[in-house]
Amino acid sequence: MIRWLFTILGGIVLGGLVHLVSVLALPRVASKDAYSRLAQISRVNDVTMLPLAEPRNALMPFQDPAFATAICRYDLTGGSIKLTVPVNQAYTSVSFYTRNEVPYYAINDRSAGRRVIELDLMTTEQHAALPEEEDVTAADRLIIDSPTPTGLIVMKALAPEPATMVQAQTSLASATCKVQDPSLPTSKR
Amino acid sequence: MRLIFVSIIVLLLASTIGLGTTWITSTRGASVGSLTIGAWTARPRTGSAEIDPYSRASVARSGELPIGTGDGIAFTAATDDKGRTLDGRCDVVVSGTTPPARFWTLTLYDTQGQLVANSMQRYGFTSEEIVRGSDGNFDIRIAARARSGNWLPTGGLDKYLLVMRLYDTPVGVATRGQRDAPMPSIATTGCP
Numbered sequence: 001m002i003r004w005l006f007t008i009l010g011g012i013v014l015g016g017l018v019h020l021v022s023v024l025a026l027p028r029v030a031s032k033d034a035y036s037r038l039a040q041i042s043r044v045n046d047v048t049m050l051p052l053a054e055p056r057n058a059l060m061p062f063q064d065p066a067f068a069t070a071i072c073r074y075d076l077t078g079g080s081i082k083l084t085v086p087v088n089q090a091y092t093s094v095s096f097y098t099r100n101e102v103p104y105y106a107i108n109d110r111s112a113g114r115r116v117i118e119l120d121l122m123t124t125e126q127h128a129a130l131p132e133e134e135d136v137t138a139a140d141r142l143i144i145d146s147p148t149p150t151g152l153i154v155m156k157a158l159a160p161e162p163a164t165m166v167q168a169q170t171s172l173a174s175a176t177c178k179v180q181d182p183s184l185p186t187s188k189r
Numbered sequence: 001m002r003l004i005f006v007s008i009i010v011l012l013l014a015s016t017i018g019l020g021t022t023w024i025t026s027t028r029g030a031s032v033g034s035l036t037i038g039a040w041t042a043r044p045r046t047g048s049a050e051i052d053p054y055s056r057a058s059v060a061r062s063g064e065l066p067i068g069t070g071d072g073i074a075f076t077a078a079t080d081d082k083g084r085t086l087d088g089r090c091d092v093v094v095s096g097t098t099p100p101a102r103f104w105t106l107t108l109y110d111t112q113g114q115l116v117a118n119s120m121q122r123y124g125f126t127s128e129e130i131v132r133g134s135d136g137n138f139d140i141r142i143a144a145r146a147r148s149g150n151w152l153p154t155g156g157l158d159k160y161l162l163v164m165r166l167y168d169t170p171v172g173v174a175t176r177g178q179r180d181a182p183m184p185s186i187a188t189t190g191c192p
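Chains as they are written, first to last, in the working numbering: chain A, 1 to 189; chain B, 1 to 192.
Calculated directly from the structure, the hints in this document are not laboratory data. In this text the structure is predicted, and so the values were computed from the model without any measurement. All C-beta atoms, glycine included, are put in the ideal place defined by N, C-alpha and C. Mixed in with the good hints, there may be bad ones.
[Unchecked claim] One side of the interface only, derived from the structure: several residues of chain B facing chain A at Cβ under 10 angstroms:
| no. | residue |
| --- | --- |
| 1 | L13 |
| 2 | S26 |
| 3 | T69 |
| 4 | Q121 |
| 5 | R122 |
| 6 | V131 |
| 7 | S134 |
| 8 | G136 |
| 9 | R165 |
| 10 | V173 |
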């Protein structure tokens, strides 16, 4: 009797451990996560327009069909990235995700306060390596630190009415996401 | 011999319990740090680096990208205000007020998060295209067959989800309830 009690108790305790380990490991082993899905249709450090969300073709679940969406899958090992996103009439936002879909930063057109959202994305090391005088002018320039060397940038433009969707797509299509010239001081090591 | 037998049972029990609970929490979601207002539930922290391990696991499993905090917040409803599952064969009315936000969208999904096909290609409404009454309030009628006003088709699904997303909004981690974020009511008004 006591043996069975220990068996069940041992099973539950071990089960708790298995649960904790598997929950923590899931983001690392998942093969159908958003990044992996988008990796198939996008190039690194380049802007890719996503097809509009429609029934049965949706790349990812729970996409907002009122938005035109473009992504930039980035890799910072070759240097920091300069991102420019033109703002559309209604609402534009840029969100940053790590390789494991942790949304570490998001900004919208109003908080950016300009006609074009301009950002520099770099790793913490690249940011630390920036020359001092550059950091002074940085007040004028938005620098985002990426916690991981690879990840996703998602750019979204709202079409408040279906008729404005083409316009939202056009404004996103001229977004750029490029590795900055390594000869520039920005990526000096 | 007996020890081996017992160990096998322990291990079997452990993997069943461990993986089972992981599967349940990553599909249904654990209610860690969730904000519930009426029938609506949001997880404000999933939009930031403070996302909890359960939400991370469920995001990785489903393949979605959570909306970032600086962008907005998403509220999901699977039932009406009385706790009745949203049924696509019934008439459901979403009405009232919305929390402060520059824009909002209301979208209908099946339980897998896919849009529901319909001849009007209408999958939801934005705050701009909605037809409002003279007092600025609105009601959205969700039904399988055409309705007057703001009609959102269900395709006759037996279960669906409503997601209301607020963009550029003060609603977030600091929001506690209905007073900060007056979410619209959801009522089932009739079933065939």
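For each hint, the structure was consulted:
With 10 angstroms as the threshold, the beta carbon of L13 (chain B) comes within range of chain A, its nearest partner Cβ sitting at about 3 angstroms, so the hint holds. The closest approach between the C-beta of S26 (chain B) and any C-beta of chain A is roughly 6 angstroms, which is under the 10 angstroms cut-off, so the hint is satisfied. The restraint placing T69 (chain B) at the interface with chain A holds, with a minimum CB-CB distance near 6 angstroms, inside the 10 angstroms limit. Using the Cβ-Cβ criterion of 10 angstroms, the hint placing Q121 (chain B) at the interface with chain A is satisfied: the shortest such distance is roughly 8 angstroms.
For R122 (chain B), the suggested interface contact is upheld, since its CB lies about 9 angstroms from the closest CB of chain A, less than 10 angstroms. The criterion of a C-beta within 10 angstroms of any C-beta in chain A is not met by V131 (chain B), whose closest approach is roughly 12 angstroms, and the hint is violated. Residue-level restraint check for S134 (chain B) is violated (minimum Cβ-Cβ distance to chain A is 21 angstroms; threshold 10 angstroms). Violation of the interface hint for G136 (chain B) is found here, the shortest Cβ-Cβ separation to chain A being roughly 17 angstroms, above the 10 angstroms cut-off.
With 10 angstroms as the threshold, the beta carbon of R165 (chain B) comes within range of chain A, its nearest partner Cβ sitting at about 6 angstroms, so the hint holds. A distance limit of 10 angstroms between C-beta atoms decides the matter here; for V173 (chain B) the minimum to chain A is near 13 angstroms, and the interface restraint is violated.
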